[in-house]
Amino acid sequence: MTRTALGDLEHQALIATLRLMGEAYSVSVVQEIEDRTGREVAQSAVFIAMRRLEEKGLLQSRVDDQSEEKGRVRRYFDLTPAGMERLREMRAALMNLWDGFSAELETPR
Amino acid sequence: MNRFLRTLLRWSLGTLDSGILLSELDESYRRLVAVEGRTAANRWRRSELVRAVFLSSKPRLRASVGSNRQNGSAAPQVVSLAAVLSGVLNDVRFGFRTLRKRPLFTTIAVTTMGLGIGAATIVFSLVDGVLLADMPYERSGELVNIWQTFPGWRGDAITSEAWDKIGLTWTNYQTLRDNSQVLSEFAVHRNRTMVLTSLDTPERLVVGEASPGLFPLLGARPILGRGFLPGEEGPGTERLAVLSHALWSSRFGSDPAVVGSTIELDQEPFEVIGVLPRGFRVRSTIFNLMNSSIDTGERALWVPVRFDKLDGSQDHEAVGRLVVGATLDQLRAELDALIREGRTPDRLGFRLTPIKDEVVGGHRSALRLLLAAAGILLVVACANIAALLSGEAVGRRREMATRAALGAGRFRIARQVLTESAILGVLGSLLGIGIAAAGIPSFLSLAPPLPRLEEVGLSNGVLLFSVLAGLGTGCVFGLVPAILLSEDSLRVTQDVGGRVCRAGRGQFQSGMIAAELALTLVLLVAGGLLVRSLLNLTRVDPGFDGSSVATVRVHLPETESNNHVGYGSAMRQILDRIQALPGVEMAGAVDKLPFPGRVSGSTIRIEGRSSGNGASFIIRNHAVIPGYVETMRIPVLAGRTITEADARVGAAPVMLINEQMARQYWSNESPLGARIRMDDAVYDVVGIVGNVRERHLAEAPKAMALISRSGAPNAMCFVARTNGDPESLIPEMRQAVSAVDPDLSLSQMSTMTALIEGSTGSERYRTMLVLVIGILATVLAAVGVFGVTAHSVSKRTREMGIRMALGARGAKLIRGVLYETMLPGLVGIGAGVLGALAVSRLLASYLFGIEAWDRTTFWVVVVLLGSVSVVAALVPASRVVRVDPTHVLKAE
Numbered sequence: 001m002t003r004t005a006l007g008d009l010e011h012q013a014l015i016a017t018l019r020l021m022g023e024a025y026s027v028s029v030v031q032e033i034e035d036r037t038g039r040e041v042a043q044s045a046v047f048i049a050m051r052r053l054e055e056k057g058l059l060q061s062r063v064d065d066q067s068e069e070k071g072r073v074r075r076y077f078d079l080t081p082a083g084m085e086r087l088r089e090m091r092a093a094l095m096n097l098w099d100g101f102s103a104e105l106e107t108p109r
Numbered sequence: 001m002n003r004f005l006r007t008l009l010r011w012s013l014g015t016l017d018s019g020i021l022l023s024e025l026d027e028s029y030r031r032l033v034a035v036e037g038r039t040a041a042n043r044w045r046r047s048e049l050v051r052a053v054f055l056s057s058k059p060r061l062r063a064s065v066g067s068n069r070q071n072g073s074a075a076p077q078v079v080s081l082a083a084v085l086s087g088v089l090n091d092v093r094f095g096f097r098t099l100r101k102r103p104l105f106t107t108i109a110v111t112t113m114g115l116g117i118g119a120a121t122i123v124f125s126l127v128d129g130v131l132l133a134d135m136p137y138e139r140s141g142e143l144v145n146i147w148q149t150f151p152g153w154r155g156d157a158i159t160s161e162a163w164d165k166i167g168l169t170w171t172n173y174q175t176l177r178d179n180s181q182v183l184s185e186f187a188v189h190r191n192r193t194m195v196l197t198s199l200d201t202p203e204r205l206v207v208g209e210a211s212p213g214l215f216p217l218l219g220a221r222p223i224l225g226r227g228f229l230p231g232e233e234g235p236g237t238e239r240l241a242v243l244s245h246a247l248w249s250s251r252f253g254s255d256p257a258v259v260g261s262t263i264e265l266d267q268e269p270f271e272v273i274g275v276l277p278r279g280f281r282v283r284s285t286i287f288n289l290m291n292s293s294i295d296t297g298e299r300a301l302w303v304p305v306r307f308d309k310l311d312g313s314q315d316h317e318a319v320g321r322l323v324v325g326a327t328l329d330q331l332r333a334e335l336d337a338l339i340r341e342g343r344t345p346d347r348l349g350f351r352l353t354p355i356k357d358e359v360v361g362g363h364r365s366a367l368r369l370l371l372a373a374a375g376i377l378l379v380v381a382c383a384n385i386a387a388l389l390s391g392e393a394v395g396r397r398r399e400m401a402t403r404a405a406l407g408a409g410r411f412r413i414a415r416q417v418l419t420e421s422a423i424l425g426v427l428g429s430l431l432g433i434g435i436a437a438a439g440i441p442s443f444l445s446l447a448p449p450l451p452r453l454e455e456v457g458l459s460n461g462v463l464l465f466s467v468l469a470g471l472g473t474g475c476v477f478g479l480v481p482a483i484l485l486s487e488d489s490l491r492v493t494q495d496v497g498g499r500v501c502r503a504g505r506g507q508f509q510s511g512m513i514a515a516e517l518a519l520t521l522v523l524l525v526a527g528g529l530l531v532r533s534l535l536n537l538t539r540v541d542p543g544f545d546g547s548s549v550a551t552v553r554v555h556l557p558e559t560e561s562n563n564h565v566g567y568g569s570a571m572r573q574i575l576d577r578i579q580a581l582p583g584v585e586m587a588g589a590v591d592k593l594p595f596p597g598r599v600s601g602s603t604i605r606i607e608g609r610s611s612g613n614g615a616s617f618i619i620r621n622h623a624v625i626p627g628y629v630e631t632m633r634i635p636v637l638a639g640r641t642i643t644e645a646d647a648r649v650g651a652a653p654v655m656l657i658n659e660q661m662a663r664q665y666w667s668n669e670s671p672l673g674a675r676i677r678m679d680d681a682v683y684d685v686v687g688i689v690g691n692v693r694e695r696h697l698a699e700a701p702k703a704m705a706l707i708s709r710s711g712a713p714n715a716m717c718f719v720a721r722t723n724g725d726p727e728s729l730i731p732e733m734r735q736a737v738s739a740v741d742p743d744l745s746l747s748q749m750s751t752m753t754a755l756i757e758g759s760t761g762s763e764r765y766r767t768m769l770v771l772v773i774g775i776l777a778t779v780l781a782a783v784g785v786f787g788v789t790a791h792s793v794s795k796r797t798r799e800m801g802i803r804m805a806l807g808a809r810g811a812k813l814i815r816g817v818l819y820e821t822m823l824p825g826l827v828g829i830g831a832g833v834l835g836a837l838a839v840s841r842l843l844a845s846y847l848f849g850i851e852a853w854d855r856t857t858f859w860v861v862v863v864l865l866g867s868v869s870v871v872a873a874l875v876p877a878s879r880v881v882r883v884d885p886t887h888v889l890k891a892e
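So the protein sequences, as listed, match chains A and B.
Residue 1 is where the first sequence starts when you use our numbering, and the numbers rise one by one after that.
Residue 1 is where the second sequence starts when you use our numbering, and the numbers rise one by one after that.
One chain only, chain B, in its complex shape (with noise of 0.2 angstroms):
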C-alpha cells in the first residue's frame, strides 16, 4: 500500500519532490514512534502520503530547473491534470450532442459494431471457458495426467488411443505414489456405476472411486466429515462412501447427521464418512459410462479406489501435481529412470499431459478456427464504421472549418472526433455485450458436447474483451476521419455553397468497402466449403441400415458380469421379449455400436502361417447375439452370417470378418475356413460381411471381426428393426428389458439414425457457426455498400439533376454511380478470391470429400456477393433517376 502511494506521489510530484518530502516525512515519523510509538506513526504516515497524493493531483509540479533560480525566470510548468480531464469530459458532452443529431448515421453505427462486437464476444466466451480459463482446481497448472502406454503398439492406428492412454496398474501406482520426488501429490481415481438402494426409489448412480490423496491434491476440502485415509485403497477395501454436495442435498435433505449412518450400495452397506463441497468434479477422459462422450466430471458419491487385476491395465486415470518449480521433462525422466530400474513390472511406457490439454487439446484448434471467424467479422463490422464515419466526415467540413476559425487547434478537432469513435465504440459494446448475454444461453443449447460447456459464460475476461474491443474498434477506425477532419480544419477554404471536392475521401471509402468484400468472400468460401464437406459426409454410406432401427444399452452389475450362463440367458430372455414385440421385424445385439462407437483390439494369430513379424495382428472385434447382423442389413459377401446354433453353449466358435480384413490378410485365397486364434479360443471363419464405419464416418474402415459367445461383456446394445417409428420402440424396449429384470439397468437409448448424426456434432456445429457468421458479414457488408453509395448519391444530387437537366438519361446517371461503387467492389471480390484460396488450404483438415479449392464453390459465392453487392448498390442508385431536375436548377 505505501509502495503504491509512493509511486503515485512519485507520479505528481516529480521524483525529487516525492523523494524530499519523502525524507522530510520520515525526520517527524522518527519522531512520533519515539513519541507516540510505532503504531501510531505509521498511521499518521499513511495519512501524510495520502494526503499528499491528493493534494498533489491536481496541479501536477515538475521539478523545476535549478530551485535556486529566481522566481519569475523559471516557474515551473504546471500541466493542469483537471484542466486535461474537464477538457475531455467536454468532448464526452459534446460528442453525444453530435451523435444526438445525427440519429440514423448513429443507429446504423452503432448497430453494426454491436453485431459484430456480440458475435465475437459469444465466440471468445465459448473459447474463453473451454481453452482458456484455468481448470477449477488449486493451481491447476502444476496436476498432470499420467497413463501408461504400449510403445510398440502406438504406430497401429486400428485402436488408435485404447493403446496410447492406458490406467495405471497397481505395481505401478504404489511405485509413483512412495518413491516420486517431482511429484508432490498423487492419486488415481476411476468411475462405475452402483445402485443406491437403501432410499425409497432405487437409482443408478455414477460413482467416484477415488484414492486416499485425490481430494486434498484437488483442492476439496470435505465440508462435513473427511475424505479416505492412507491404506483405504488397493486390492480389498473398506466399505466407505463420501457424497457429492448434490447428493446430500437432492436425497438426503441436507442432513448432517447422515455422516456416520450407513448406506446400501449395490446390496452392500456402506458408511458414509463425509460431504464434499458444492460443485466437485473430476473430469474422466478415459471412457464414460453413461455413454455421452463428454463427461462433465460430476459424481454422486465417491467409495476407496480398488484394484481388480494386481497387474492387468486397468482404468484408474493418475493426476499428481508437480513440485513447484518441476517441469514435465524432469517427471518424464523420473519415469524413465523408473522403467529403466525395472521398477514397473510391464515393457509399458508412460505419457504425461497437463490436465487441461488432456480435456480440451483436441478442441483447440475447432475453436482457434472460430475465433478467427468472429475476428473477421469484426473486422467487416470496423470497416463498415470507418466508411460511415469517414462519409460523415464530408458533411462536417464546414462544422469543423468553423471551429478552426474559432482557434480549435488541429489536435483538438482530431480528439474530439476521436472522441465520439470512441463514444461510438462503447455503445456499440454495450449492445455487443447485451446481443452476447441473450444469444450465449441458446448457443450453448446447440452445441455438442465440448467439455467444459459449464464453465462457459460471460466472465470478466469476456467482458473486458468485449470494452476493449469496442473502444479499440471505435478508436483505430476513428483515426482516420479524425485525421482527415483536422487536416481539412488547415485549409480554411470553402465556396458559396460550402462544397468540396471528394479526392482522398472517395478513396478511402471505396478501400473500405473493397475490404469488407475481400473478408466476406473468405468467410462466405469457408462456410461453403464447410457445408459442402457436411453434406458430403452426412452422405457417406455407414455399411449398414440404420433407418428404423432403435436400440438400447444394457449393463449387467459387476456381481454378475462373471456368470456367464446365467448373464447368457438373461440376455438371450431380453432378445426373446424385443423380437416378440409388435412390429418388430427382427432383433440382434452387439458389444459395442459403430456409433458412437467405443472400440477394442485384440491381437489374433491366423494359423496355419509362420510365427514371425507377419503372424500375428491386431484387429477390433464385436461380439454379438444372432440377429445383428440382419437387423442392421449389414451385407454378407460371402459365407454364412452367425446364427442361433453357433451361439448356443458348447457350439464351435465362429468368426465373420469384415472386407478390410479379408482384403488384408487373405490377398490370394479365401478366408473361408481360415482358423484364428484369439485370446483364448480358435475360431472358424465363415463368412465375410461388408465394412462397416465404426465411430465416425470420415474414419476409414479397419480390420474387424464378429464372433458369437455364449458369455460375454457386461454390457449389450440391442437393436430392432421395426416397420413403425424406431423412436415409439424405445419405451417398449425398455419394459421388455425391465420384465426380464428391474435391476438390469440401461443406458444410450436412442435409434440408430440419430446415433449416426449425433457423430457429426462437432461438424455441424463448426459449419453452421461459421455459415452464420459468413451471413452476418455477408449484411454488413451490403449494409456497407448501400450506406456508401446512398452517401455519394446524396452528394451528387445536384451534378445529377443538371445532367438530367442536360438530357442524359436515367439509366446512363445510374450505370455511372454503379460503375463507382462496383470498381472497388470488383477489386474486393478478387482480392477476397486470392485470400480465400489462401485460407481454405487452413481448412483442409476440417474438409472431407472435397478439395480446398473447389471450383464450384468459388464460384457460388463470387456470383452470389456480386449479386448482394450489386443490389445493394441499385437500391440508392436507382434514386438518382427520382432527381428532380427543375427543382436543383431552382436552387442554384
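Only chain A is shown next, with the shape it has when bound in the complex (with noise of 0.2 angstroms):
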C-alpha cells in the first residue's frame, strides 16, 4: 500500500488532535503546538493540513455553528481509528530509532 509520509506539521497537528480529545480546531490546536512545543504556527497552514488529513482518512471533522457570538462557527477535528492506528506506528517507529540513545540526548556535553 502507498502511503505518503506525514509532514511535521501534519504529524504535530495529529498528536495535538489528540491531546485536545474532540475540542481541536484550528486555534485550540494551534495553541497546543505553540505551548508544548515552543514552536509558532500558522493557523490557516494548520487548519489546511488538517483537512489534507481528513482526506487521508485519519481524522474526521464535523462542523459546529451553533454559537452564542453570531457568525461564530468552527470545524472540530477527532482522529479516526486509522488516524489512531497511524499515530502508534509513527511512535513506534521513532522510538525505534531512537532505541538507546536517548540518553546522548538528556545529558549535556
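One should not assume that every hint holds.
To be verified - Looking from chain A toward chain B, a few residues come up when the C-beta cut is under 7 angstroms (computed):
#1 26
#2 27
#3 42
#4 43
#5 44
#6 48
#7 72
#8 73
#9 75
#10 76
To be verified - Residues on chain B that point at chain A, a partial pick, calculated with CB under 7 angstroms:
#11 48
#12 51
#13 52
#14 56
#15 871
Simulated from the structure, these hints should not be mistaken for laboratory data.
Remember, predicted model here, so these are calculated numbers, not experimental data.
All C-beta atoms, glycine included, are put in the ideal place defined by N, C-alpha and C.
With the hints in hand, could you dock these two chains into one complex?
Below, the structure written as C-alpha cells:
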C-alpha cells in the first residue's frame, strides 16, 4: 500500500488533536502546538493540513455553528481509528529509531 | 485587497471551508487586537489569508458532503489544479514540436494569420485612436460643446454648417457662466494669429484665447505661474500671456524666470504669467487659421479671451462640463428655459454636442467601413487556416489513432489539437503585431487629415485586440479539426496503407474555399466601386481651369484690417508685383478660394420684387480683385466681367452672378441690369459666369455672386496663371508679398491642382485602403485554393498513377481535379455576388456617379477572381501529369 509520509506539521497536528480530545480546531491546535513545542505555527497552515489529513482518512470533522456569538463557526476534528493506528505506528517507529540513544539526548556534554 | 483574497480563498477552498477558516481566523484576530494592537493584527490576518490561498490552491478541496461521514466512504474530490496546468504545459510543448515538424504548413498558417491580423490591427489602431479613445481631458465624457444656431435657417443648405455652429455672444456667455445649474464649469476659447516680435526672428504663431475657466475645465494645471483669473476676459482685457510647454522649451530655453517677464506680441507688451503642461491641446472645430482642414489643437501661447462685438455672432467656441450625473437633455431644457425667459438677446437657438462627437463625429461611418473591410479580411484569413488545418488533419489520422490506442481520451486529443491551433493563433498575432508596428507609421503618413491622428498608435487596447484576434481565430477555427480528429480516434480502423476515405473532410475544405471566395468577392466589388467612384469624382469639371495656377493667401494683421484705404493699396501693389513676375500670364485675387473652400453667405434682396417670403435670399458671395475670373478661366456666359474700373474707389459696386443663381431667381427674364441689395450696398448685376464647384467636387453648385470691393476682408488669396511650372512660381509670389510689406503673413501656398486633389483626400484614402485589403484577401484566397488543390493532388497520387497506367490522358485528369476544386469556387463566387449586392447598398453614400449594383464592376470582379482561382488551382493540378505511373505501381 502506497502511503504518503506525513510532514512535521501534520504529525504534530495529529498529536495535538489527540490531546485536545474532541475540542481540536485550528485555534486550539495552534495554541497546543505553540505551548508544547515552542514552535510558532500559522493557523491557516494548520487548518489546511488538518483538512488534508481528513482527506487521507486520518481525521474526521464536524462543523459546529450553534454558537452564542453570531457568525461564529468552527470545524472540530477528531482522530479516526485509522488515524489512531497511524499515530501508534509513527510513535513506535520513532522509538525504534531512538532505541538506545535517549541517554545522549538528555545529558548535555 | 482583503476582499480579493477572500474571493480567491472561496474559489480554492470552497465556500464552506473558506467561511469556517475565516471565522476561526477572526477569533485569533480579536485576541491579537487586544494583545498587540490593530495594526499588528491586520498584518497578521493578511499574511494568514495569503498563506491560506497559496497553500490551498495546490489541491482544490471541495467541501465534503456530510463531513460527519466516516472517512473512506466520503473522500472529497480533489481536482488538482497543478495536474491540469502540467497537462496543458505538456500539450503546449508537444504542440510546438509537432508544428516544428511541419515547417511549410506552420509557415503558411502563421503568415496567413499574421497578414490578416496585421491588417486588422492597423485599421483598428486607427479606429481606436480616432473614434474610441477618450479625449485627452479629465473625465472627458462630461464635456460638451455649446453652439448657437439660427434655427429658422437650418433648412437652407447654402452655407450648411455655418448657420448651425455659431460661437457664443458675450451676453450669452456671461448668462451661462453665471446662471447655469447643469454646468459645473464653463469656458470659451477661440484662436487667432499673432506675431511674436520680441525675439530675434519674428514668428507668426497660432495663439489661443481662453476665458479664465478653460484651463481648470480641461484639467490643465500650469506648471509655472498661473492661468487666467475671473475677470480677465471680456470686451477689454489685460495683456497677459500663458506660454505652451512647446514654446517655452523651444524659444525660451525652459527658463523658469520667463514668468513675470514681458514679451511683445503684435508690437504690444504682454506679461507672461504662466506656462502650461506638456501636450495640452484644444481643438477648434469652427475653422482653422492656418488653413489645414484639421486642427491639431496646438497653440503656441494663450491670451485672455476678448469679445469684440458684444452681441454680434462670434467665433468663440464654448465648452462646458456637466454636473456629475446630469444629462444633455437637462442642459437643453435649461437653455430652452433661458431662451423663453428672454435672457438671450437674439433669436438664436442652441446646439449641444459632446466634444468627442464634435471632433470625430463626421468620420464615424468611414472608419466603420474600414473596420468592416479589415474584419472581412480577418475572416478570410481564418477560413484559410481552417481549410489548412483540416487538410492537415487528414495526414494525422494515423497519429491520432495510435494515440487513442495508447489510451488518450477523445477530449484529450481534441485538447491537443486545439492547443496547436492556439499556438498558431498566438504566433500569428505576434507576427501581426510586428506587421502593424512596422506599418502604422507609413499608414499614418499617407492618411488624410483625420482628427486625432497624433493619438493613433499601438495602445494597450490595440495590442489586446490583436492577441485576442489571434487566440480567437486559432481556437475557433481549430475546433473543427479538433472535433474531426477526435472523432477519428474513436474509429480505430486502418487498412494496410493507412489510407482513408475523405468524405467529410473534403466537404469542409470546399466549404471554406467557397466562403473565402465569397468574402473576397465582396471586398473586391466594394473596392472596385470605390475606385470607379473616385475616378468619376476626379473627372468632374470644377468650373474653372486650375492647371498652371499657383496661389498664395495673404493675411493682414488685425490692427490694419479696418483701414480700407491702406488695405486696398497694399493688395493692389502685391497684385501688380505678381503680374510682373516672369512667366505670369495673368493674376487676380479672391477672398476665399473654391478649394479648400470656406464659404460665407449673405442675405440679399432683389430690388423691384415685392417683399415677403420670396424676396430675400441667402447666397454665397466672394469678393474679387479684377483678374480673378480670367486667371481661373471661369467662363463668362453673358454680360461682362469685373474690370479695373469697377475696383476703383468710388466706383459703383457691381456683381457677377453664377448660372445657378440666375436660373434659380430669374427664370423668365435676364438678370443683367438687376439691382441687388446686400449688406450695406446696392450692386448692379453686370454678368453671368459659369458654375464653380466649391469645397468638394461632389457638391452641387449653389447660388453664388462675385463682387468687387475696394475694401475687402482681412485675407485675400492671390492666384496667378503661369506658362511654366506653377510650383516654382510660389516662392516668387512669396517674395513679391514680402517686398510690399514684410510683416504680412502667408498661408495656403499651393497650386490649384494640389488643392483640388487635397479635397478628395479622404476618398482617396478610403478607396486605397479597401482596395489594398481586397487585394490581400485575393492573395489569401488564391493561397487557399492553391493549398487545397495541392493537398488533394498529393493525396491522390496513387490513384492518378493507376489511372494513367490504365490509359487516362493527363488533360482529362487535370480537368477532373480542377472540376473538384472549381465547383466550390463557383458556389463561392455566386454567393459572393449575392453578398456583394447586399453590401454594396450600404456603400451607396460613398459612391459618386455610379450605382451600387453597377454591372461592369461586378462582371470585372467575377472574371478577375475566377481567373485567379483557376490559375491557383491549375498550378498544382498540372502536377498530376508528372506522376510516374510505373513508380506508383511499383509501390503497390
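So which of those numbered hints doesn't the model satisfy? Numbers 10 and 15 - these are the hints that the structure violates, sorted from lowest upward.
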